[in-house]
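Chains as they are written, first to last, in this note's numbering: chain A, 1 to 291; chain B, 292 to 957.
Just so you know, these hints were derived from the structure itself, not from any lab. On a predicted model such as this, the values are computed, not experimentally measured, just so you know. Think of the CB as a built atom: it goes at the ideal place given N, C-alpha and C, for glycine as much as any other residue. Heads up, a few of these hints could be off.
What the hints assert, rightly or not - Taking CB as the label site, the calculated pair distances span:
hint : chain 1 : residue 1 : chain 2 : residue 2 : range
1    : B       : S812      : A       : E35       : 56 to 66 Å
2    : B       : R671      : A       : L54       : 33 to 43 Å
3    : B       : R671      : A       : N248      : 26 to 36 Å
4    : A       : S239      : B       : G639      : 34 to 44 Å
5    : A       : P139      : B       : K631      : 28 to 38 Å
6    : B       : P692      : A       : G112      : 44 to 54 Å
7    : A       : E108      : B       : G555      : 56 to 66 Å
8    : A       : D161      : B       : R671      : 51 to 61 Å
9    : A       : N248      : B       : E672      : 47 to 57 Å
10   : A       : V105      : B       : P692      : 52 to 62 Å
11   : A       : M1        : B       : K631      : 33 to 43 Å
To be verified - From chain A, some residues computed to sit far from chain B (all C-beta separations above 12 Å):
hint : residue
12   : E35
13   : G47
14   : E121
15   : V165
16   : R242
17   : G272
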Amino acid sequence: MRYGYFPGCALHSTAKEFDLSIRLSCPHLDLELVEVPDWSCCGASPGHMISEELALALSVRNLYQAERHDLTTVIAPCAACYSRLKSANKEVREDARLMSRINRVVGEEFTGKVEVRHLIEVLYKDVGLSRIESSVTKPLKGMKFACYYGCLLTRPPKVADFDDVENPIIMDRIVEALGAEPVSWSHKTECCGASFAISRPEIVVRLVDEILKAAQFAAADSIVVACPLCHVNLDMRQSQARNKYGRNYNIPILYISQVIGLAQGEAYKALGLDKHLVSPKDLLKKGLASF
Amino acid sequence: MARVGVFVCWCGSNIAGTVDIETVLEAARRIAEVVHVEDNKYTCSESGQQSIKKAIKEHDLDRVVVASCSPLMHEVTFRRCIESAGLNPYLLEMANLREHCSWVHRNRGEATDKAIKLIGMAVAKVRRLEPLIPIRMPVEKRALVLGGGIAGIQAALDISKAGYLVTLVERLPTIGGHMAQLDKTFPTLDCSACILTPKMGEVLHDENIELLTYSEVEEVRGWVGNFEVQIRKKARSVDMVKCTGCGECIEKCPLKLPSEWDLGLGLRKAIYRPFPQAVPGVPVIDREQCFVFTKGKEKCRACERACPADAIDFEQEDEVIKRRFGAIVVATGFSLFDEKAYGEYGGGQYKDVISALQFERMVNAAGPTGGHIIKPSNGREPRNVVFVQCVGSRDRAKGIPYCSKICCMYTAKQALLLKEHLPESQAYIFCIDIRAGGKNYEEFVNRVQSEYGAIYIRGRVSRIYERGDKLIVKGTDTLAGIPVEVEADLVVLATAIASQSDSPQLARILRIPYDEHGFFSEAHPKLRPVESVTRGIFLAGACQSPKDIPDSVATAGAAAVRVCELFASDELALEPAIALVDAERCSGCLNCLEVCPFEAIREERVDSRRVASVSESICQGCGTCAAVCRSEAITMKGFTSPQLYSQIAAPFEEILKELEVEMPSC
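Bound conformation, chain A alone:
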């Protein structure tokens, strides 16, 4: 299975471990990822706050790069990239005049023959649970994960293509296939406040505290995420949340691809697990004696 791969800015910088772990775990699943040649920033949240045209043009340029290299499906692991690329794709596909306007801006002829999908969705639908299960060499027995989808993966429901907008379940199923136990919890699709990370950090701390609290209530060992922004906030702000709201947290935040890699027997450092602020070492001792 050959897919276009759009890492986006985050996976080349702050979320390097997301990128590393994807590149390590996907070959076990016969997923061949071809990085979209000469990709550029998708614009993410600042782009469409400034100009609709700019936001569309940045995304369409990348979609065109994929189309030009016969990559009919593009996987965008970052939730913000996924949302932007998928929204832009839908908008220009449904409006021929808009498509030609944006093509003039970009200076290329994108025709709309590219599908944008999220890694989790491809893992669940194309790869399938049985294929994932058979790639497991070290089942994550006894580990309880709170799968956190965040606000962007399932929304808006008319654009995103997840199983359920309010209570998605496909990441939980994948975690289950790895031998771990997904917990039933309340904050799967709540927002972490990412766009306010710089302008209104106090809001982010409050939202992060609620998410961490909910995971703790559900007795989760760790939170599994699929978005670099969610990861930064949940990983980095645990001490800030404690200082402000008084609850102690020591909850490792893992990328879904890291969790898959672990179950496939990949090494701790190779998966970038050493890069997290909240170290998952103790957690892994509980589940995997060998680490």
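Please build the complex by placing chain B on the supplied structure of chain A, with the hints as guidance.
Just chain B now, with coordinates in the frame of chain A:
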């Protein structure tokens, strides 16, 4: 030569504001065979009608054109008018200068031109009209009422009291409907059962009413005055005559199943009555669950052994009966929107998030908890209870743009009952706004706020989730402009009133229209609110739109009066503008039979030749058959080909002359 009178209406400024009446009158006077033209500010008024009558006499008119509004509005008015002046009522044609002209145009000159052309067309047709005589049919003086809720019960009783026979068909084993599930009713706090059960008993003992419960209508043929209806009486597995209603069988049945009547909060047996006061009191066996039907004939039979009257009959079969009715009242009620669509409220997963109807069963002394309000998850009494209004209603994202009308009131009532049952409790009500239009309704809501301390929060709930044994309800207070969070023990969702899920199927059986939400359509929203457009079929209660009990009872009474009005005369005058088959021209292809939506056409033999024939009593004059007839053997009375062709050609008369094209044969 015809003597045509043309009467041009101003309709106040509705027509005269856009159409230049003087120019129109001038032009009308020049049309051939028009011998009299006049205008009137309101032709439909008494004085307007008088002047038509006067003109008919003075100018010896034999045809009349009224150029005013749509025939849907006033054709009947003007037909009656010319009839009372001695003309055949079908020698009238209307030119629609309002809906088809003044209301849809702005340019005065163009609108005036069009008005003149419309009048010319009407004159062209009226010249060729022929007198028609209404068809007279006998009326079967027995009414069918569909649905045994409060609306159906009221309609059946009212018709019966007027002295006519009624068959009341209910698909559940008992009548009573949703009202029988309720505890108290707003705003008077009458006990619902106390005011309903006497009426249910009245239905049972009324000699004019035949009560068919556990039954459904399968087929309806015929038309007003003579409906032929097929009804399936489902096998009850209990002999209605022998059963004394003692309930021994229910005691002995070993199976415990979730009760539909209690919306899963309670249990029932496989042989059951939905509730103790059910009418009739004869139980029914659930054949999908009973061991005799699921495991084999020799199994269990505990009820049979227990029955002192020997009334259990496992061999009973469905019975299909046919009846003739003169009129039908549809009172099939409503269903409730499924809160599973709200994933953000738990999508039906949280035990302590219940629907308002579940709350109603809980607070009902005859309900599954004996009237105790509890958290279904652990049986404890709740302290903080959050009521969420508009769950489904007024939410386009969930497909229901309309207001369900009754939720504001019953939520207020439930908050009051909560406080009375649990004085330590606190009600929080999330609402978009409070709609309390109705006698004593606003006062009631005020009382619930001031005397019972219910806290109203204006805003929607965005999310509900569990935290331990509490529910966290998050929302906005849009008046204060802040996000709010309530830690609740119980959440009650005011789910939207929706149509019955199978209402489109019933509509097809009855041949009545329904709206995009599945509610049956009334003939006119203001002036004919309880009639369907199909003559002889009337609507009562919430099958037409969300209604509270007073509205349901009122519409039921109104529908009953309409039925009695039909039954008051022995004969029914039917519209004579229907299809007529010329047997000599008919080739017998019977394409018309295929396309007739009313099944009004049947096959006949004339001199051993196969031809089509139209039932006068069923035909509605829609004209579909005439359109498909290849041999032009079907004539629509009042809309014959020569009449229509001359009408179409009228505005092009001059062009046709110039082109030297002959006018179509008239």
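Going down the list of hints, with the structure as the test:
1. B/S812 to A/E35: 56 to 66 Å: Holds: the Cβ-Cβ distance is about 59 Å, inside 56 to 66 Å.
2. B/R671 to A/L54: 33 to 43 Å: 56 Å Cβ-Cβ, so the 33 to 43 Å window is violated.
3. B/R671 to A/N248: 26 to 36 Å: Because 30 Å falls inside the window, the suggested range holds.
4. A/S239 to B/G639: 34 to 44 Å: Given about 39 Å between the Cβ atoms, the range holds.
5. A/P139 to B/K631: 28 to 38 Å: holds, 34 Å
6. B/P692 to A/G112: 44 to 54 Å: At roughly 32 Å between Cβ atoms, A/G112 and B/P692 fall outside 44 to 54 Å, so the hint is violated.
7. A/E108 to B/G555: 56 to 66 Å: Cβ of A/E108 to Cβ of B/G555: about 58 Å, so the range 56 to 66 Å holds.
8. A/D161 to B/R671: 51 to 61 Å: Given a distance of about 42 Å, which is not inside 51 to 61 Å, the answer is violated.
9. A/N248 to B/E672: 47 to 57 Å: Cβ of A/N248 to Cβ of B/E672: about 34 Å, so the range 47 to 57 Å is violated.
10. A/V105 to B/P692: 52 to 62 Å: Hint violated: Cβ distance 37 Å, outside 52 to 62 Å.
11. A/M1 to B/K631: 33 to 43 Å: Given range 33 to 43 Å: holds, Cβ gap about 35 Å.
12. E35: The claim holds: A/E35 sits with its nearest Cβ about 35 Å from chain B, beyond 12 Å.
13. G47: At about 26 Å from chain B, A/G47 clears the 12 Å cut-off, so the statement holds.
14. E121: holds, 18 Å
15. V165: violated, 6 Å
16. R242: holds, 19 Å
17. G272: Correct as stated: the minimum Cβ-Cβ distance to chain B is 32 Å, above 12 Å.
Hint check: violations occur at hints 2, 6, 8, 9, 10 and 15; the rest are consistent with the structure.
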